[in-house]
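Trainee: Sequence:
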Amino acid sequence: MADGQPTYSQTLVSYIDILGFADLIKDSQTSTDGVREIIRLLTTMKDEFSIGGRVHRRPDGRTEKIFQSFNFSDLIVRTTRIPAGADIGQYLDWELFYLGEKQLSLAVEGHLVRGGISMGQLFVGDRASILFGPALVRAYKLESEKAVYPRILVDASLKREAEQDTYDQD
Numbered sequence: 001m002a003d004g005q006p007t008y009s010q011t012l013v014s015y016i017d018i019l020g021f022a023d024l025i026k027d028s029q030t031s032t033d034g035v036r037e038i039i040r041l042l043t044t045m046k047d048e049f050s051i052g053g054r055v056h057r058r059p060d061g062r063t064e065k066i067f068q069s070f071n072f073s074d075l076i077v078r079t080t081r082i083p084a085g086a087d088i089g090q091y092l093d094w095e096l097f098y099l100g101e102k103q104l105s106l107a108v109e110g111h112l113v114r115g116g117i118s119m120g121q122l123f124v125g126d127r128a129s130i131l132f133g134p135a136l137v138r139a140y141k142l143e144s145e146k147a148v149y150p151r152i153l154v155d156a157s158l159k160r161e162a163e164q165d166t167y168d169q170d
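Quick note: the sequence shown, position 44, residue 44 per the numbering used here, numbers continuous.
Please note: incorrect hints may appear among the correct ones.
[What the hints assert, rightly or not] Under the rule of at most 30 Å between Cα atoms (straight-line distance), these lysine-lysine pairs were calculated in the DSSO-like manner:
#1 K159 with K26
#2 K46 with K146
#3 K146 with K102
Derived from the structure by calculation, the hints contain no laboratory data.
Values in this document were obtained by computation on a predicted structure and should not be read as measured data.
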């Protein structure tokens, strides 16, 4: 919040969903093993996807947390506030590397994920209980309308901006 007023921040948003979760729920109605598997899967998702975020070193040398993770059922939303002047390509590379590793380890266990990554305006409430903005909507639409298969798509405008930052640095 700037001057006590709620504002959007430039944020990298990853929206990740477990595929086939409704089937897991259906199967769990007749199996205690199914319930245990869902608890294990969701606990793993919460634990694994909520770490690995970035911090920002301020000019005074102190570090500032710019990463947060949100979970609801089989949905994970990861947010990284992008500091002014940051190399967006580096932030995107880090997120893709991290998510790729998590996607692979879940696939090995038989769980596929689909998602979308975008960057733009996002509001995150002080206690992280409220989350909304155009960047979240774009990431959701990438996951739900475009990804179709088990993959994580990057918004085209984010890709262009990340490439531009990378080339400007060379």
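Trainee: CA of K46 to CA of K146, is that 30 Å or under?
Mentor: holds (25 Å)
Trainee: Holds or violated: K146 and K102, Cα atoms, limit 30 Å.
Mentor: holds (21 Å)
Trainee: For K159 and K26, compute the direct alpha-carbon distance and say whether it is at most 30 Å.
Mentor: violated (38 Å)
This entry does not satisfy hint 1, going by the numbered hints stated previously; all others are met.
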